[in-house]
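Asks: Below, each chain spelled out in residue letters.
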Amino acid sequence: MRILVVGGGMGGTIFANNLARRIHQEMKAGKARITMLSASDQHVYQPGWLYVAMGRATPDELVREQASLLEPGIEFHVDPVEEFHLAENHVKTKSGKVHEYDVMVISTGSRPTPENIPGLKENSVNCYTAENAVQFFHQLADFKGGRIVVAVGLPHKCPMIPLEVTFAMHDFIKDKGLLDKTEFYYTYPIGRVHSLENVAKWAAPEFDRMGIKYETLFNMKEVDGKNAAVLSEEGGTVKYDLLVAVPPHKGQEVIEKNKLGENGWIPTNRNSLHMEGEYGKNVLVLGDTTNIPISKAGSTTHFEAEVAAENIAAVIKIGRPVREYDGKVFCFIEAGKDRATYAMFNYTTPPQPKAPTGAVHAFKMAYNQLYWASARGLL
Amino acid sequence: MSTERVVDARGSFCPGPLMELIANMKMMAVGDTLELLSTDAGSAADVPEWVKKVGHEMVGTEQDAEGTWHIHVRKAK
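In order, the protein sequences belong to chains P and A.
Taking full-length UniProt numbering, the leading residue of the first sequence gets 1, the next gets one more, and so forth.
Taking full-length UniProt numbering, the leading residue of the second sequence gets 1, the next gets one more, and so forth.
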């Protein structure tokens, strides 16, 4: 069986490594082959950019050579896919090579698109790329007081970031001794401070305790850089001295160009993870790339990748898949520089977040290093 | 000609039905309608609240025998 993995991020890497260990005998015997195509020879731990923005990590600490993370036997090419030919079961890459497959897994991720809101890119900082996170830190480090506004676009990757970045900035400013000169103003698209109701019930009193003001039902329409103001779809106007954005996201351009999904999100069955439609029988989709209405987060793609790998291995060994994805998501929530909690939920059970503790924060810091074992499919 | 898209947000706690609706409305043309499927009872109240505040149009809301809310919204601007 020829298994083609498109994308060398978290989903593709965990899937390929997990599967390779399950089917190493078949790979050794030449009965199965795993090929991965990626746009980069580097693998980035994207959740680390929050720490870069707070001056607690540098971008190089978050990067490993992709080839060093892969199980022996996985064929890896830095040669991104440009054309998907689903009817013929092959893809064509940037270099012009054609790769045929029996099963394809697409895990190309998402990208921030601040340019989709007029004025946002030029007038805000964010922690969604290494470059932006460094710029964010410089602006925060140079901040002398004033109003810091957090504004959130939809859809976005990592749903905890709006809260985490707010709590983290609060502690940063507190440590600088500028709390009395700083006003925090948090905005959010729906009628509470977070999409998860129980998380919102915990976070709103935390904001109140810290003196963080908030406005809900606030969807960015445009940013007026000249007057330093964010205008909302709902008719609101909020002035800022430093604008921290959670930009809206899209899937990758190659998905849109090949008409696999509107805005780069591929219609995907929420349980089997197969692409919807006539060519979905041998195509699976993972992580941010899907249109499944759950969190675009690393843990989502991690758990999906495990299900997909187990199922493909089972198809090879016993002729049919064995599991369905139940919507499991586990997100840490950093509640400042030294406390954290978490939210775990699936399609049927909402999260019940606990009060943040230093122990959960320590676990999160440990996980930031353990991630490399996770990417290797070991954890 | 206007078209209707269906957004199946059943079982979505995060980002949740309203955030799914808002994200999808951005991809629609003025006059198009959307049917939101939600198992969150809160959607029957928070979707109309947002739709009214922004100035779109509620077309209708009903709950089927299995408890799923079907909320129809038209993009007005």
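Bear in mind the hints are in silico, worked out from the structure with no lab data behind them.
C-beta: ideal position from N, C-alpha, C; glycine also.
Heads up, a few of these hints could be off.
Claimed, not checked - Label-pair restraints from in silico Cβ distances:
# : chain 1 : residue 1 : chain 2 : residue 2 : range
1 : A       : G60       : P       : I318      : 32 to 38 Å
2 : A       : K52       : P       : D208      : 24 to 30 Å
3 : A       : K53       : P       : D142      : 35 to 41 Å
4 : P       : K239      : A       : V59       : 47 to 53 Å
5 : P       : E122      : A       : K53       : 25 to 31 Å
6 : P       : K239      : A       : E4        : 54 to 60 Å
7 : P       : E122      : A       : K52       : 31 to 37 Å
As the list claims (entries may be wrong) - Calculated from the model, a selection of chain A residues having no Cβ within reach of chain P, i.e. all distances over 10 Å:
#  : residue
8  : A9
9  : S12
10 : E20
11 : A23
12 : A29
13 : E35
14 : G42
15 : D46
16 : M58
17 : G60
18 : E62
19 : Q63
20 : T68
21 : H70
22 : R74
Asks: All hints, please: hold or fail.
Replies: Results of checking the hints against the structure:
1. G60/A to I318/P: 32 to 38 Å: Given a distance of about 48 Å, which is not inside 32 to 38 Å, the answer is violated.
2. K52/A to D208/P: 24 to 30 Å: holds (27 Å)
3. K53/A to D142/P: 35 to 41 Å: Holds - the Cβ-Cβ distance for K53/A and D142/P, about 36 Å, lies within 35 to 41 Å.
4. K239/P to V59/A: 47 to 53 Å: Violated, at about 36 Å.
5. E122/P to K53/A: 25 to 31 Å: holds (28 Å)
6. K239/P to E4/A: 54 to 60 Å: violated (39 Å)
7. E122/P to K52/A: 31 to 37 Å: holds (32 Å)
8. A9: Per Cβ check, A9/A is inside 10 Å of chain P; nearest 5 Å; violated.
9. S12: Check fails; 4 Å does not lie beyond 10 Å.
10. E20: violated (5 Å)
11. A23: violated (4 Å)
12. A29: A29/A is indeed farther than 10 Å from all Cβ atoms of chain P, at 13 Å.
13. E35: For E35/A, whose nearest Cβ neighbour in chain P is about 14 Å away, the distance exceeds 10 Å, so it holds.
14. G42: violated (7 Å)
15. D46: violated (5 Å)
16. M58: holds (16 Å)
17. G60: The assertion about G60/A holds, with a minimum of 21 Å to chain P.
18. E62: Non-interface label on E62/A holds, nearest chain P Cβ at 20 Å vs cutoff 10 Å.
19. Q63: Q63/A is indeed farther than 10 Å from all Cβ atoms of chain P, at 18 Å.
20. T68: Its Cβ never comes within 10 Å of chain P, the nearest being 13 Å, so this holds.
21. H70: holds (15 Å)
22. R74: Check passes; 16 Å lies beyond 10 Å.
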